Amino acid sequence: MTAVGVFRMPSLGADMDSGTLIEWLVSPGDTVHRGDIVAVVDTAKSAIDVEVFTDGVVSELLVDPGTEIPVGTPMATIEDGSTTPEAGSSTPESGSGPESAEPRHPTEQPPPPPVRHLAHVLGVNIDEITGTGPDGRLTRHDVERAAGAKVVTPAPPGRESTTPPAAEPETGERVRATPRARRLAESQGVDLADIPGSGEDGAVTAADVIAAAQARERRAEPAPEEPEPEPAEPAEEAKHGRGAKAGRGAKAGREAKTGDRRRAARRAATAALMGRSAKEIPHYYVSTTMDVSQPLDWLRKHNAGLRPRERVLPAAMFLRASTLAAQRVPDLNGHWIDDTFTPADGVHVGVAVAVRGGGLVTPAIRDAHELPLDDLMTALTDLVGRAKAGRLRGSELEPGSITVSSLADGGPDALYGVIYPPQVAVVGIGGVAERPWAVSGMLTVRRTVTVTLGADHRATDGGIGAKYLTAFADALNDPEEL
Amino acid sequence: MDRDESRRIVLEALLDVAPDIDEAQLDPQSSLRDSAELDSMDFVAFVAALSETLGADIPEDDYGQLDSVALATDYVVNRG
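Residue numbers (my numbering), protein chains in the order written: chain A, 1 to 482; chain B, 1001 to 1080.
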């Protein structure tokens, strides 16, 4: 028997509980390795490259492109090629022989904990499904099948079902659209003719349809459709497109529209999450202004022999100090869920990235504590670049264990962040500024930065916050060890 | 290198980093951080792109001479 793993819709960040599969990058029979990007999923904020977390061979794709699915939904099965039986059926027999046709009696044969957990995660009621394992016991398969069935059941709640499925215009020109976009438009009740296409030759893509449907949902009033103009003539669009010029005019115009929708979606997502944070989390703040002249001098020397792309920015140095401090004060590094704090298994540092054109995304660098300064800079450059380009990976959108928000470029002196639930702390790095500074009784001028920690008072008290700032300063004052 | 050519190189490096900027809206005298909304990561990418086009290193100490389109153009005129 070959062990079968299930590839699920990953978490897409604290503010996203579902995503729409845009496309599969693998087919049944393909060999995949841990970390390979296997699918592209769209959320309101951006498209996300989704990675697989096991090695194996893709056996079945369970979800069609264009389907919106909640986090945790099985998307594909992957055989690992080994002979280990799957968890559910591997439990040793404890009673009589198989009576597989009998429905399972929960009190007699409770499913093994991993299966119960899976059922819980997928929202499946185990009493309602029939087990196919030994003694009619529930297996992971049974649970997943039941969850899969739930997913394909009618439209998700909250959608307006009164809108008739979009019929293509009976007369006039047929709207250019991908087959996926057509199917999606029909299921979402969106009129293709109302959607500006961003695909080749202005074709409407699945992503366009999704964005249009999401834009519609966000509007309070049920009707009317997209207020945006009909897909315009290229020449006309060029007039609207910011920065449009000959050659890239029409495309820029369309990108600008997609960009507007993304921007609105990011704004809405941030608004929802921050609103929830402000309502639920009793924040406290502690703040220290520290002299960073010495670490900045050290950084300058460190960078002197490096090419521009290899140079480490102060922002990365502060991120490294934030990470080390989180490691030293584990009470601030983790999640508060169901009135309980659970420390994280490593420092997965969320980085608040301002996307060009507006809005924030906060992807996380997993296991940042294992990355020395140069490596952290490389990871940061890569992450920020892709965050701005709207191509983050699924694993990066799983909630980090703490978030760092930085204004190191200048501007405001201090940043009082708002915690990203379910995290319990947010670090705000103000701009580096020269300030008068007392050293051994003498007044001098030093480069300083104000570091502010915002923390969840349900999880910790100010003393822990103070410890964090001390650990931050200690880490920074020993740059060789960064 | 002549001034027009230098300016073109600067703008290309800038568009590399910030494809959405509008040349016409860009004040050549004002700081790139303000006029083109570059953050420190963008600025480093801009410097790197410039350095690669010129085939010459741009030390960190020179960053201050690149902070506007006009300044960066002067810099490239002198270096190119």
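Derived by calculation from the structure, the hints in this document are not laboratory data. None of the values given here were measured: they were computed from a predicted structure. Fair warning: there could be bad hints in the mix.
Listing some non-contacts, in silico: residues in chain A with all C-beta distances to chain B over 10 Å [unchecked claim]: (1) W24; (2) Y284; (3) E370.
Covered stretches of chain B, as calculated for chain A (at least 3 residues, CB under 8 Å) [stated by the list, open to error]: (4) 1028-1041; (5) 1046-1054; (6) 1058-1066.
Yeah, the Cβ is synthetic: ideal placement off N, Cα and C, and Gly gets one too.
Each hint tested on the structure:
Once the 10 Å rule is applied to beta carbons, W24 of chain A is consistent with being away from chain B; the minimum gap is 29 Å. Distance check for Y284 of chain A against chain B: the nearest CB is about 29 Å away, which clears 10 Å, and the non-interface claim stands. With 10 Å as the threshold on Cβ separation, the claim that E370 of chain A sits away from chain B holds: the shortest Cβ distance comes to roughly 22 Å. Closer than 8 Å: that is the beta-carbon criterion, and the region 1028-1041 of chain B has 5 residues meeting it against chain A, so the requirement of 3 holds.
Residue count for the region 1046-1054 of chain B with a Cβ under 8 Å from a Cβ of chain A: 3. That meets the three needed, and the coverage hint holds. Proximity of the region 1058-1066 of chain B to chain A, defined as three or more residues with a beta carbon under 8 Å from a beta carbon of that chain, is established by the 3 residues found.
Checked against the numbered hints above, the structure breaks none of them.
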